[in-house]
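Asker: Chains as they are written, first to last, in the working numbering: chain A, 1 to 336; chain B, 1 to 263; chain C, 1 to 266.
These aren't lab readings, by the way, just hints derived from the structure by calculation. There may be inaccurate statements among the hints.
What the hints assert, rightly or not - Listed next, the stretches of chain A that the computed footprint assigns to chain B, with coverage defined by at least 3 CB atoms under 8 Å from CB atoms of chain B:
id	segment
1	45–51
2	71–81
To be verified - Cross-link-like lysine to aspartate or glutamate pairs, in silico, DMTMM-like; alpha carbons within 20 Å at most:
id	chain 1	residue 1	chain 2	residue 2
3	A	Lys32	A	Asp44
4	B	Lys17	A	Glu219
5	B	Lys186	C	Glu182
6	B	Lys17	A	Glu31
7	A	Lys195	A	Glu146
8	B	Lys175	A	Glu31
9	A	Lys128	A	Asp110
It should be emphasised that the depicted structure is a prediction, and the values quoted were computed from it without experimental measurement. The beta carbon of each residue, even a glycine, is placed where N, CA and C say it ideally should be.
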Amino acid sequence: MIRVRNLSKTFVTQKRYPGFLGSLKGLVTREKVRTVAVDDVSFDIDAGEIVGYIGANGAGKSTTIKMMTGILTPSSGRVTVDGVVPWERRMANAANIGVVFGQRTQLWWDLPVTESLTLLRDVYGVPKGEYEKRIAFLDEVLGLSEFSGSPVRTLSLGQRMRADLAASLLHRPKVLYLDEPTIGLDLIVKEKVRKAIKELNREFGTTIILTTHDLADIEELCRRIIVIDSGRLVYDGSLDELRAKYGRARTVRFHLAPGAELDLAPLSAEIAALDPSSRTVMEDGELAVTFDRAKAGVGAVVQKVLARHEVLDYAISETKIEEIVKRIYLEAEAGR
Amino acid sequence: MARYLRLYLRYFGQNIKSLMSYRLSFLVGLAAFMARQFLGVAFVGLVFAAIPDLAGWSRDEVLFVYGFAQLGRGFDHMFTDNLWILAWRMVARGEFDRILVRPLPPLFQLLAERFQTDGIGELVAGIAVTAWTAPRLDFPAGPWSWALGAIAVVASFLIYTAVKLALASLAFWIKFSQAYLFAAYKMADFAMYPMNIYPKALRFVLSWALPFAFTAYYPAAALLGRESVAFGIGLALAVGLVATALSLAVWRAGLRAYESAGS
Amino acid sequence: MKAARYLRFTRNSVQTMLAYRANVLFYIFGNIVQTLVLWYLWRAIFAGAGSGRVNGFTLGEMAAYLLAAVAAQSAIGGNAEDVISEEIMEGSIAVNLARPLDYRTRIFFGHLGASLYNCVVVSLPALAIGLVASAELGGAGVRLAAFAASLILGFALHFFYKFMLGLTAILTTNVWGVFNVEAVVSGFLSGALVPLAFFPDWARTVTGLLPFASMVSAPALAFAGKLTGADLVRTLTVQGFWVVALALLSSWAWNSLVSRVSVNGG
């Protein structure tokens, strides 16, 4: 459905200097800064997949999505979405895709939701009878009727997101791009939105590309993830594989006795002698040690800590996907 | 074509509905532009109280030019006002994204999304001033006068919009371009008075670089029999069409250069 | 009052204008164009009048008047109404109200920064040209001093006026329309387009009752040498009256509207 080949995008901006003197300096100099936002990225996505596209802020997620949706023209490389090069044939591409940007609505701010939807119906040329059927389905999944008569500007964030999802699905797109669809929502609404996304994918086989900061979204929705860091693709594979590869990691959290002097550096070094990829840090007032269970035994790590510090309590946990992604980033950094 | 007309009317309907939620603001805008035109007329009136004629133009003739200038400008203001928003914030804030992911020509969507009722104020004032001065100036001179007048208004509308489109499109490269629009619209003020009060160089610029002279002065002069029809109206239409073609080229290049906002 | 804390806003506002200098320069260009339109128009008017004087003005006095009017308009310009209306529309005013700073004073210092910038970029060059154009009138030092005195009072009363104008954003969403009509009306009534001497008697009575003449017409007339002796003293007194009146009025407007701000912006 989607083919991305050697995709790159470089932005050229003018350098700005900080401070008052800086702004005077800006008067006389014109230094250009080149930023590589996306660097030689390639992947394929099949019809019906739900793919999580993740990366830190500024990693190049949105830029990639914008090229796939035809908003941006890449500096080099090629993309086809259902056989169409998005930025060359924007209108043809637009008929195939649905887009939701979590932070910005695409609805008309001052109009009731239904008005926005009927206008979009005409824009996409959806027949009336068909429209009724689709709205009935979307209402069932997203609960639109709760707020469909209210102007968009009066909606809560969760309602607005549901309305935006409905708007992006009216024309039954083959591909749906969701940019941070759960940002700023509370847990219950998040659950609702995720359920709706799953439902859509199952019912219509919609291909879904999702960027998110919330890794719970990924765990619940995606079988496959693509990780991008500093514009480069650093991981592309199944979530299970990722867990298998990094899932041997364990984290032990120690609650230290108050007043105990903690000297992190030597402890960290001792544990690193067991597993060089381990991380020993203070987090929320607790000492957290993350390591590969195949290299350093849990018992050995606990002993090392106990030998140096008085510990009131400790707990062992399986590593969360957050931690795994952090490790991928770190490895990518180290590899550069 | 019929589909686009139907869609335009749909957008138009939604615009009017949104307006209804801001009734006061609608009236304020209308009043603002009526007041502006009224004071423009008052200015001419005050000046002519002190002098018999202005470089060979009578008060009624000057007012005719002034009123005529508001017609094309009023249409332009009503139908293409979203270009100001494009120049002011749509590009800078990445709001233009949503237009690019819909299956309609971007320029069509941009223009259809906003109907500016403020322009009605200019149009009404323009019609009033033209209608008030026309009979005193032996206009219409013949049955063709109205048709020629209509062509001239279309030409004027095209010129205003072309200048606005080209300068607003600069925002695709430089993010904000409303200052350029503002400056250009100030240049248009020159066109409201007889050209022969200006030095040659300025007249040249207003005729051939930013061709605002063709939005009002030349066509109005032709309608009053002071210029030939071929020059005042025929050429105005040609200038309008050429300017539109050029600005569309700038717009298309701008779309390719659009960089959205943020990461 | 901790002046340093407020001066930061003056500096910020100059800095902002420097950052957007391309925009600012084009706005200035727009104003130059407007001045040129007026100049050519007046030249044609004087040429058509036959005698050397129109409504008591010679062409030299008219040039001095127009340029001084441009200088005064820019120097008192500021940005209070834009800042206030933007803060109200975005809701950020709620945060700013919570700061341990007096809101109006803060806005004043920002306004001052924008005015200083305009002063350097527009007013000083306009005055320099004005001085050359009006050399034949003589007494440049006296005219400049009278201009400066009148300008300072005009700046003060104009600030209070613009402060109130910004507050209209609480009452309507079409601030753009309001500012537009205001710019045209005040441009006209303040004498920036036509000296008030051109107005018919009844209209002059009306402008006499309004503060606009004290903003631009007064300093511009002083610069053109049309205000001397008792006339000058009387004009400065009227300006002083408006400073006090508008200061009180803006306090009242602020106090009665500020509660609505917190409700909307919350």
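Asker: Does each hint hold? Answer for all of them.
Answerer: Going down the list of hints, with the structure as the test:
Coverage of the segment 45–51 of chain A by chain B is violated [criterion: at least 3 residues with CB-CB distance below 8 Å; count 0]. Against chain B, the segment 71–81 of chain A contributes 3 residues with a C-beta closer than 8 Å to a partner C-beta. That satisfies the three-residue criterion, and the hint holds. With a C-alpha separation of about 34 Å, the suggested pairing of lysine 32 (chain A) with aspartate 44 (chain A) is violated against the 20 Å cut-off. Only pairs whose Cα atoms come within 20 Å are accepted, and lysine 17 (chain B) paired with glutamate 219 (chain A) is rejected, the gap being roughly 43 Å.
In summary, the hint linking lysine 186 (chain B) to glutamate 182 (chain C) is supported, as the alpha carbons are separated by about 17 Å, within the 20 Å threshold. At most 20 Å may separate the alpha-carbon atoms for a hinted pair to count; lysine 17 (chain B) and glutamate 31 (chain A) exceed this at roughly 48 Å. Of the supplied pair hints, the one linking lysine 195 (chain A) and glutamate 146 (chain A) holds, its CA atoms being roughly 18 Å apart against a limit of 20 Å. Between the alpha carbons of lysine 175 (chain B) and glutamate 31 (chain A) the distance comes to roughly 18 Å, so the proposed pair stays at or under 20 Å and holds.
Note on lysine 128 (chain A) and aspartate 110 (chain A): the hinted pairing is violated, with a Cα-Cα distance of about 24 Å set against a maximum of 20 Å.
Comparing the model with each earlier hint shows violations of hints 1, 3, 4, 6 and 9; every other hint is respected.
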